[in-house]
Amino acid sequence: MSLDLNIFFEASPDPGVTYAGMLLSGLAWTVALALLAWVLALIVGTAVGVARTLPFKWLVMLGNAYVEVFRNIPLLVQLFLWYFVLPEILPAAIGNWIKSFDAPWGPFFTALVGLGLFTSARIAEQVRAGINSLAKGQRNAGLAVGMTLGQTYRYVLLPMAARRIIPPLTSEFMTIFKNSSVALTIGVIELTAQAQQMNEFTFRTYEALGAATVIYIIVALTVNQLMALIERKSYIPGLIKQER
Amino acid sequence: MMNLDYSVLLRALPYLGEGLLFSLQITLVAMAGGIVFGTLLALARLSRYKKLATVAAGYVNLMRSIPLILAIFWIFFLIPEIVAWLIGADHPVQIGTTRTAFIAFTLFEAAYFCEVIRAGILAVPRGQEGAGQALGFTYAQNMRYVVLPQAFRAMIPVLLTQTIILFQDTSLLYVISATDFLGAASKVAQRDGRLVEFYTFAALVYFAICFTLSKVVKRYQARLNKNVAHA
Numbered sequence: 001m002s003l004d005l006n007i008f009f010e011a012s013p014d015p016g017v018t019y020a021g022m023l024l025s026g027l028a029w030t031v032a033l034a035l036l037a038w039v040l041a042l043i044v045g046t047a048v049g050v051a052r053t054l055p056f057k058w059l060v061m062l063g064n065a066y067v068e069v070f071r072n073i074p075l076l077v078q079l080f081l082w083y084f085v086l087p088e089i090l091p092a093a094i095g096n097w098i099k100s101f102d103a104p105w106g107p108f109f110t111a112l113v114g115l116g117l118f119t120s121a122r123i124a125e126q127v128r129a130g131i132n133s134l135a136k137g138q139r140n141a142g143l144a145v146g147m148t149l150g151q152t153y154r155y156v157l158l159p160m161a162a163r164r165i166i167p168p169l170t171s172e173f174m175t176i177f178k179n180s181s182v183a184l185t186i187g188v189i190e191l192t193a194q195a196q197q198m199n200e201f202t203f204r205t206y207e208a209l210g211a212a213t214v215i216y217i218i219v220a221l222t223v224n225q226l227m228a229l230i231e232r233k234s235y236i237p238g239l240i241k242q243e244r
Numbered sequence: 001m002m003n004l005d006y007s008v009l010l011r012a013l014p015y016l017g018e019g020l021l022f023s024l025q026i027t028l029v030a031m032a033g034g035i036v037f038g039t040l041l042a043l044a045r046l047s048r049y050k051k052l053a054t055v056a057a058g059y060v061n062l063m064r065s066i067p068l069i070l071a072i073f074w075i076f077f078l079i080p081e082i083v084a085w086l087i088g089a090d091h092p093v094q095i096g097t098t099r100t101a102f103i104a105f106t107l108f109e110a111a112y113f114c115e116v117i118r119a120g121i122l123a124v125p126r127g128q129e130g131a132g133q134a135l136g137f138t139y140a141q142n143m144r145y146v147v148l149p150q151a152f153r154a155m156i157p158v159l160l161t162q163t164i165i166l167f168q169d170t171s172l173l174y175v176i177s178a179t180d181f182l183g184a185a186s187k188v189a190q191r192d193g194r195l196v197e198f199y200t201f202a203a204l205v206y207f208a209i210c211f212t213l214s215k216v217v218k219r220y221q222a223r224l225n226k227n228v229a230h231a
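Sequences listed follow chains S and D, in order.
Position 107 of the first sequence, counted from 1, bears residue number 107 in full-length UniProt numbering, the numbering being contiguous throughout.
Position 150 of the second sequence, counted from 1, bears residue number 150 in full-length UniProt numbering, the numbering being contiguous throughout.
Worth double-checking, as some hints may not be accurate.
Claimed, not checked - Here are the simulated lysine-lysine pairs, DSS-like style, with alpha carbons at most 25 Å apart: (1) K215(D) <-> K226(D); (2) K218(D) <-> K57(S); (3) K57(S) <-> K215(D); (4) K136(S) <-> K226(D); (5) K99(S) <-> K187(D); (6) K136(S) <-> K57(S); (7) K218(D) <-> K136(S).
To be verified - DEER-style ranges, computed between Cβ atoms: (8) I156(D) <-> P55(S): 27 to 35 Å; (9) R191(D) <-> N64(S): 48 to 56 Å; (10) G136(D) <-> Q138(S): 49 to 57 Å; (11) T222(S) <-> N227(D): 20 to 28 Å.
Just so you know, the hints here were simulated from the structure itself, not pulled from any lab data.
All residues carry an ideal CB built from backbone N, CA and C; glycine is no exception.
Model the full assembly from the supplied sequences, consistent with the hints where possible.
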């Protein structure tokens, strides 16, 4: 095997785009999808995770059911449900409106929702565990000084839990970039899809898959550094260690 | 709303059953192979031999930083090349989708099992290994009789959870048109033009299996915790 790096600067079947350009466009879709889905997952995941720690039984059960549903169906099947099944079972007007989004936006928005909600269930699990790992006195202390339940969460529990779950969240954040590749099955031309296309056009498999592999490694390292930075910046001396 | 026809499901059940069987086979083989290979990787990562540890860590980190779909593309391309190289053929030798799928999942999941097992080994108190050495155990005997049995006992719930994820991951074989459970459902769904029925059914089956297994794991974990608390 001999690597031919010049292949990346040759023109792809896409007019005016080199193979390097193709891969970079794939990377852009991967990053856009992963980041937006991450935002959705954080919002929904935090809400569901908090709901599962509240003193309302029906809310806890609802939150538990949400997590079980999204965790026990493979991501790929969930994407198919959003993409192929949902528009058909909704009333025709809404279904047709959903289907009216052409590629690349239709598949992209579907993947965004699918990947975001899939990840939100995993984040909800971390958030719940993080809140439950805090000493019970924290919650009682907040309530005892006259804070409402909402204030206790806002000012006492969530700031502490958030710092504590940074390591597992780092791993979820890295996973969402990898999981975004599943979106290729519904037609999002992200990094893995572009690498596979380049492979089919050029038969330079080592170069095509190799480039994608290197890019994913760089993404993983970047995410890791970013989260380590956040962990350092948000660290409150003494507070967390003393709690354990 | 469209008309739903669930009788198409009934007719396709035998075919779907074969697909499910294939998914389960891959899960079991990759679990067994992944745990064996993952244990070796974990021992290598914890080894005193720096080079061995570096190579093992490189493999694990590489596998864990790329998407499974990309790994599947890699392995389906590389296996025929490697087989050709092994038997001295001058062009790639195909060994079939099924066998390649077994190998792909074993190699990929081993990296994830390795990290679980490594954590399990590190959780065994250091004194245990020292005690084994003091009794005159060799490294292999120490691992075989002292460290690994304790590590595995505590790890079983995590290993099973990882296996449930592995089972869900087998659906990704769809990308190489394999006839796993989802692949089978997708093929009949497209043939009959019944995507809604088949994908909904597939989701329900995956949910039923994974939900039940995760409940079993949870119950087992609770029992394990209780035993530890009593000990």
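Evaluated hints:
Pair hint K215(D) plus K226(D) holds up; C-alpha atoms about 17 Å apart against a cutoff of 25 Å. For the hint linking K218(D) to K57(S), the alpha-carbon distance of about 21 Å falls within 25 Å, and the restraint holds. Restraint check for K57(S) and K215(D): the C-alpha separation of about 20 Å stays at or below 25 Å, so the hint holds. Among the hinted pairs, K136(S) with K226(D) is consistent with the structure: their alpha-carbon atoms are about 22 Å apart, no more than 25 Å.
With a CA separation close to 22 Å, the supplied pair K99(S) and K187(D) stays within the 25 Å bound. With a C-alpha separation of about 18 Å, the suggested pair K136(S) and K57(S) falls inside the 25 Å cut-off, and the hint holds. Annotation: proposed proximity of K218(D) to K136(S) holds, straight-line Cα distance about 24 Å (limit 25 Å). Separated by about 34 Å at the C-beta atoms, I156(D) and P55(S) satisfy the suggested range of 27 to 35 Å.
Checked against the hint of 48 to 56 Å, the pair R191(D) and N64(S) fails, with Cβ atoms roughly 38 Å apart. Distance hint check for G136(D) and Q138(S): the Cβ-Cβ separation is about 51 Å, which falls inside the suggested range of 49 to 57 Å. Under the hint 20 to 28 Å, the C-beta atoms of T222(S) and N227(D), about 43 Å apart, miss the expected range.
Hints 9 and 11, counting from the list given before, are not met by this structure.
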